[in-house]
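From just these sequences and the hints, can you work out the full model?
The listed protein sequences correspond, in order, to chains A and D. For the first sequence, the working numbering gives the first residue as 284, with consecutive numbering after it. For the second sequence, the working numbering gives the first residue as 593, with consecutive numbering after it.
Since the hints were derived computationally from the structure, they do not count as laboratory data. Built from N, CA and C at the ideal position, the CB exists for glycine as well. Only true hints are included.
For lysine-lysine, the following DSS-like pairs were computed, each having C-alpha atoms within a straight-line distance of at most 27 Å:
(1) A/LYS348 x D/LYS641
(2) D/LYS724 x D/LYS625
(3) D/LYS641 x A/LYS362
(4) A/LYS636 x D/LYS882
(5) A/LYS345 x A/LYS444
(6) A/LYS362 x D/LYS635
(7) A/LYS345 x D/LYS636
(8) D/LYS943 x D/LYS647
(9) D/LYS635 x D/LYS827
(10) A/LYS709 x D/LYS928
Computed spacing ranges between beta-carbons, pair by pair:
(11) A/GLU338 x D/LYS625: 48 to 54 Å
(12) D/GLY982 x A/THR456: 55 to 61 Å
(13) A/TRP335 x D/ALA769: 55 to 61 Å
(14) D/THR629 x A/SER664: 36 to 42 Å
(15) D/ASN646 x A/GLU338: 36 to 42 Å
(16) D/THR629 x A/GLU726: 50 to 56 Å
(17) A/LYS348 x D/GLU985: 56 to 62 Å
Here chain A is said to cover these stretches of chain D; the calculated rule only asks that three of the stretch's residues, wherever they fall, bring their Cβ under 8 Å from a Cβ of chain A:
(18) 944 to 950
(19) 953 to 962
(20) 965 to 972
For reference, the chains in residue letters:
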Amino acid sequence: MSKYTEDDLREELKTKEYEYGFYTDIASDTFPVGLNEDIVKAISKKKEEPEWMTEWRLEAFKIWKEMIEPEWANVNYKKPDFQAISYYSAPNSKPKYDSLDEVDPELLATFEKLGISLDEQKKLAGVAMDVVVDSVSVATTFKKTLAEKGIIFMSISEAIKEHPELVKKYIGTVVPQKDNFYAALNSAVFSDGSFCYIPKGVRCPMELSTYFRINQAGTGQFERTLVIADEGSYVSYLEGCTAPSRDENQLHAAVVELIALDNAEIKYSTVQNWYPGNDLGKGGVYNFVTKRGLCETNAKISWTQVETGSAVTWKYPSCVLKGDNSIGEFYSIAVTNNYQQADTGTKMIHLGKNTKSTIISKGISAGKSQNSYRGLVQINSRADNARNFSQCDSLLMGNECGAHTFPYIEAKNKSAQIEHEATTSKIGEDQIFYCNQRGIDTEKAIALIVNGFSKDVLNKLPMEFAVEAQKLLEISLEGSVG
Amino acid sequence: MDLKEKLVSSFMAFENQVDVDTYVHGIRTEAIKTFETTGFPTKKQEAWKYTSLNKILKEDYSVFPKQENNIEYRDVKKYLIHDIDTYKIIFIDGKYSSHLSETTHDGIDVCLMSAALSKPKYRLVIENYFNKAATNDSLSSLNTAFSSEGAYIHIPKNKLVNKPIQIVHFSTGNESALMLQPRNLIVVDENSHVQIIERHQSLTENAVLTNSVTEVFAKKRAVVDYYKIQNDNQKASLIDNTFIKQKQESQASVHTFTFGGNLTRNNLNFYQHGERIDSTLKGVTIIGDKQHVDHNTLVHHIEPNCESHQDYKGIYDGNATGVFNGKVIVEKLAQKTNAFQANNNILVSDKSTINTKPQLEIFADDVKCSHGCTIGQLDDDALFYMKTRGIPEKEAKALLMYAFANNVLESVKIPEIKARITKLIATKLGVNIGFNL
Chain A
284 MSKYTEDDLR EELKTKEYEY GFYTDIASDT FPVGLNEDIV KAISKKKEEP EWMTEWRLEA
344 FKIWKEMIEP EWANVNYKKP DFQAISYYSA PNSKPKYDSL DEVDPELLAT FEKLGISLDE
404 QKKLAGVAMD VVVDSVSVAT TFKKTLAEKG IIFMSISEAI KEHPELVKKY IGTVVPQKDN
464 FYAALNSAVF SDGSFCYIPK GVRCPMELST YFRINQAGTG QFERTLVIAD EGSYVSYLEG
524 CTAPSRDENQ LHAAVVELIA LDNAEIKYST VQNWYPGNDL GKGGVYNFVT KRGLCETNAK
584 ISWTQVETGS AVTWKYPSCV LKGDNSIGEF YSIAVTNNYQ QADTGTKMIH LGKNTKSTII
644 SKGISAGKSQ NSYRGLVQIN SRADNARNFS QCDSLLMGNE CGAHTFPYIE AKNKSAQIEH
704 EATTSKIGED QIFYCNQRGI DTEKAIALIV NGFSKDVLNK LPMEFAVEAQ KLLEISLEGS
764 VG
Chain D
593 MDLKEKLVSS FMAFENQVDV DTYVHGIRTE AIKTFETTGF PTKKQEAWKY TSLNKILKED
653 YSVFPKQENN IEYRDVKKYL IHDIDTYKII FIDGKYSSHL SETTHDGIDV CLMSAALSKP
713 KYRLVIENYF NKAATNDSLS SLNTAFSSEG AYIHIPKNKL VNKPIQIVHF STGNESALML
773 QPRNLIVVDE NSHVQIIERH QSLTENAVLT NSVTEVFAKK RAVVDYYKIQ NDNQKASLID
833 NTFIKQKQES QASVHTFTFG GNLTRNNLNF YQHGERIDST LKGVTIIGDK QHVDHNTLVH
893 HIEPNCESHQ DYKGIYDGNA TGVFNGKVIV EKLAQKTNAF QANNNILVSD KSTINTKPQL
953 EIFADDVKCS HGCTIGQLDD DALFYMKTRG IPEKEAKALL MYAFANNVLE SVKIPEIKAR
1013 ITKLIATKLG VNIGFNL
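Shown next as structure tokens:
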């Protein structure tokens, strides 16, 4: 095979775009800044959406205009100016860098530690790549296997065109447009995202990952994900990537909706590592996400998340346990360092009988960061024999950070059994000393202890992910040893 | 005219009634301004998310009782801890009742707020302590604005108060609806010990709303033991704001026993200004019908090496609603803090509700902080075991519930109160067995 040149690559990318085709016009066209009805209409038009979708967006926009930005979270940040953002920019297919040498060495060092292959490093850093073919072929086989099983996995823009009946039926059913300020904004202007449908009784043979899709087209800052597991099906879905994502978009307001119909199971794992800002707390991504799943009878939804990035994280993956015997789970590790702020947790709404939920949340704060757990467990009056177990532990490193717990527990049924416990501690000097005398240096010892502390959650991640996540924890806390 | 307007407009009349020239005048004026801007708290405020005052604020309360009423000791004896000798400060419809009370100036001051506010010899204490612990939230401000009567207790250095002090407020129902705003100030100097029992009791079915503020100052090594007995009738509502400021090595504990009342809100705040302080907050709540109880606690750990223990137990029957909102703040300086918080609840009926929110806000790393909270039922196996031994179900249940609440009773230091509470629990659970096991 002859050597690839940049032009070949560009050509390659062009055809690829066309193949999965939403953007025929590749030249980076960006809308004027600001948000009004025309912009919403234009986004919809640009994406060749049917009229009902345009209407849906406009409705969301109307609702959003009436809403005010929430302030209850335990975070401090400069509010984004919503009229200073450009709400649509087609993914720029032009590589950011020509070779790895131009990439920030700090970023490369991190890649190195994560054990990411050179090719992947290039891909992640936005370097022009000469191995695209490989990636495409993987993606193609991948698609083929899924298609055989009848699984639909594509971008939401495609889905709106190709499977409007499914999208129309489910979009906004779990997170309605008027749910909250950012959900409304997302509903009005969402740029793209993933759509996944698992047919009745199908067990998805592989871990679905947005990773492949993201490389095909940048999903932009307002991502919308819709996962539907039909009766008796199973899917494990991975979102994000352990590698640090440098993104110029400061505000990210994504919406994720999961629907698990009778006897279905969805496992949704996230590793989030957006740019957290520099050591002095300058810059960094604001991550305001609305994630919610709906469980019908005997269904199960399990959220696992590892949050290490973002300057401000504001995220509460929730489960609405509507059907009898449904199960909701939430496993989370949130690490904050330097000036990061995280306000994260979950909501478990028990509506059906014999519903169960488990919450395990581990917060690790270091540097000058603030880490909050905020959770709600609500037992409705008809939810007989509901069961909840919550545990949130915080680990503090250094005396300039803060750990906070705000659990809300509301029970309206006498047969409910709820347990909640929370602890706060630091890494014991005796633990470090023990490691030290066995020849493990302090930094390694801390990594070891942090890993032990997070084990309950790491265990829930798919294997390959777990290994990477473990390394990621080490890196995130690097240099925080006092 | 709603209650807020009524209160604001009566302020002038009130100020004319009391001595305008005092130091307190400035504080009162400031406080009414705060209340005027903030108004009564609404459910939109985080601290009031689960408790709505709307319903009780609808009554047409008299702010000043028009006439004095008298009651006989034998009629109210049962509401007092009468089997031991105590100091008593008793109020009827907000007015001091000298014939029921037993105050003293012998070495310690157990007397009236009105006296302390007007007599020059107390001036120094008032200037140093009055309104120095209370926050300026709307309800405390409202109380501050109308503060004129209540208990004034000052224990000088190195005194061991020989008997407990009872503060009791009776309302006789002379007015169709009455609003009371008692204000208590308790200063316990170095090395002194004091035990205080507080109770609010309505004697008729007329509506009463009490908005009480108590400020407690525990100086170096002082020991303050405070008991609140809340077993009022279905028309009486209580908003109790208690602020406790502790100095180094002092110990303060507050036990709250809530068995009745329409709406009961306890705002209990501890501030630790010194090292090696110990704070204890405990409570037993057993309610039914349409009662609503809200325990809102705050422990602010400001300095190192301090401890706090919170333990609240609740049993909810009927349409009752229970709220627990506990907050522990550990400041950066407060290393080696040991803070513990527990809230256990049992829902007995299908219509009862419990909302609980135990919060931790921690800024120091070398601390031991934990909280636990449970909602559950009585153990079926234990019930069955007792039934096989011939204990009827009702009694067996009562025994289990008593055992559930017993943790809190164990730390009660006055045996008579313990006996009284035990009896109250038995009545509340509808059984007739002695619990002196």
